[in-house]
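Note that the protein sequences, when read in sequence, are chains C and W. Residue numbers for the first sequence follow the numbering used here, beginning at 1 and rising by one. Residue numbers for the second sequence follow the numbering used here, beginning at 1 and rising by one.
To be clear, the hints were calculated from the coordinates, so they are not data collected in a lab. Virtual Cβ for every residue (Gly too), placed ideally from N, Cα, C. There's no promise every hint is true.
[Claimed, not checked] What the simulated footprint calls covered on chain W by chain C, stretch by stretch (three residues with Cβ under 8 angstroms from a Cβ of chain C suffice, anywhere in the stretch; the number is not a length):
#1 31-40
#2 210-218
[Claimed, not checked] With a cut-off of at most 20 angstroms between alpha-carbon atoms, the simulated SDA-like pairs for lysine to any residue come out as follows:
#3 W:220 with W:314
#4 C:299 with W:288
#5 C:299 with W:220
#6 C:299 with W:279
#7 W:78 with C:163
#8 W:121 with W:98
#9 W:220 with W:69
#10 W:78 with C:160
#11 W:308 with W:225
#12 W:78 with C:168
#13 W:78 with C:169
#14 C:299 with W:78
#15 C:299 with W:314
#16 W:121 with W:299
#17 C:299 with W:274
#18 W:2 with W:49
#19 C:108 with C:84
#20 W:78 with C:108
#21 W:308 with W:221
#22 C:299 with W:289
#23 W:78 with C:162
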Amino acid sequence: MSATLTTAVIGTGAISQEHLDFLSRERVSHIVGVCDLSRASARYAASRFPDARAFTNHHEMLDTLRPDVVHVLTPPQTHAAICRDCLEAGAHVFVEKPVALTYEDFQKLWTTAERYDRRLIEDHNYRFNTPVQTLEQLVAEGQLGEIREVEVRMALALHRGNRYNDPHLPHPSHQLPAGVIHEFLPHLAYLALRFLPRVDRVVAAWRNESGNPAFQYDDLDALVFSSNIHARLRFSCHTQPDCFTVTLRGTEGWAQADLFHPCVQTSWTCKAGPFSPLLNQMLGGAVLLSAGVANLRRKILQETPYEGMHRLLRMTYECLHRGEEPPITFDDMDRTSRLIDSLLDEANRL
Amino acid sequence: MKLLVTGATGFLGRHVVVEALRRGHHVRAMVRPDTSEDALPWRPTAGLTFVRADLRSPRGLREAVRGVDAVLHLAAAKTGDFYTQFRGTVNATENLLNAMAVESNRRLVQVSSFSVYDNEKLRCGSTLTEDSQLIDIYADRDAYAITKLLQDQLAREFAEEHGGLVTILRPGVIYGRGNSWTARLGVQWGHRWIRIGANAPLPLIYVEHCAEAVVLAAEKPASIGQTINLVDDDQPTQRRYMRALAAHAPERPTIIPINWSCMRLLARLAILTNILLFAGRARLPGILIPARLHARCKPLRYDNQRMKSLLAIQPRYDLQTALARCFTTPESVVTPLADGHTVDKEVQDACASPI
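Taking the hints into account, I'd like the entire structure generated from these sequences.
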């Protein structure tokens, strides 16, 4: 791939490390600028790239550099305004999730992108992790039969001393419509929607189990109904250990993808008759053992669960180079944004 | 003088507050917004006020620096991942200096660290001074060293761009009550103490001496524009200091010595293995990364001439006395006055017991 595109990055928080690592390693474009409200942060991030300039004002950066692509990595509250500025400045935008805080804001952004003939891409990174792609392949090959149940489960101990529970400096995500869970909600939504043809009805229980006033909610249990399939979206701050799994149950078997400790476990009805359960267990044991070894290697090699983001970015840049539609389409973002709005509509019903 | 102390509730900060009060200064101690008053290490006393602010946010910082004669900047993040430490050290300093620039407050005493020196470039046995080479921002060092280096750069820019009157203090290993172990000795593994090397002098500075140096730096105009290393005269070898610590340990530890040259060879082998088997991508323990091993355990000498000449400080305690103070119950410690000044009883009451 020739490095003809120029790229700028806005926001240098923790997630920027993955974007900058990708951009420095893959050389899919030429990094020309990094912007952050903190001059020290912008300068430090820019110093990794020989020709990158540091800015503290994104308007100034867009006017000065006119980049082809901008990665928007700022807090979610700022996405809509910054993305609009970037699109109006003629840049394709790759934005961290959620692209906007409401479906209405997403629609406005999309309209702007169309008006300026630019691409708007929301980061649906976990869709491109190997375990999820394996699930998609199993479904496509019909190995699980007809899918009837989908469960996306995330457990993160956000109450334990980390940046989401800093009593001195509340994390900006607490100001989002669904509080801190809103940061993770797009992951749950876009992963479930991969296996749901449509959304007929949504019910959700939003709770603050701990009563911690900093948290608007710390627990979500939602059901999404779609013809003969239903999906469960589950987020918990209390169940341990931390996990992120996608489970599909079909008429011929089930499969579970673990995203934090990559592994896909499966179980099928098969021709072994009464020995099927034993065979499934033995195969499952072998899969877990092999995953344990592979994940030890991943740990030693400092690999993160962001492999999907790198894959998505690579595919996105290839599409931008060729002028083709990116791997995250309007339909993907539109459905995700609408499902999140529907879940939020349920927020005050319990 | 009116002094603002950031990181006031930290290990060094609480001593700096005491020392400043003892020397008759008015202290504005910065504490984090949600810190409970019960958790503060001082009782209310004349000359001591508090300001609640978090340096990671610009909010309230202009008010905090307004009207003070000097800012003693001790706050830094020592734990967490790189971005946590970057926020707590680099962004925090940037916010503080921005506030000082707006308020035309120019006097800054910044507490840096020996970790910014590039020990790997020094020969064994040579003397580390203020002029020794610093690490590169992409050096294979830990987040603390890199963020402290960036913090120093910000202070120098503040001097250049805003006419800041800056003193950078680089303490060696600050030890005191509850903080007597140092990674320069090696590794603590339960009751097994793995000592890497034996004869390397340790750049120790007792916390009360360090606190005195910080306050003196604010007082002495000669320190402006200077970088000053802070180490005591008494620089014990690793062997001697570990023996002294072992004598105070509640349970006698098993000391496992590893020769410095062997350890250096081991680190080189670890790096070679990493390159050959994992393309250099494997995460190694810090002690097996040569740059970090050298930063911790390399046998070097340490000079404190600049500290003595510019700050005119005479450390009050020798190592034995200082260690005795570390391991004595706080109530029985009698804090002598640095220069014979009479200390208000209220100040003495406020300071002596909690530290």
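- Can you list which hints this structure breaks, lowest number first? 2, 5, 8, 14, 15 and 20
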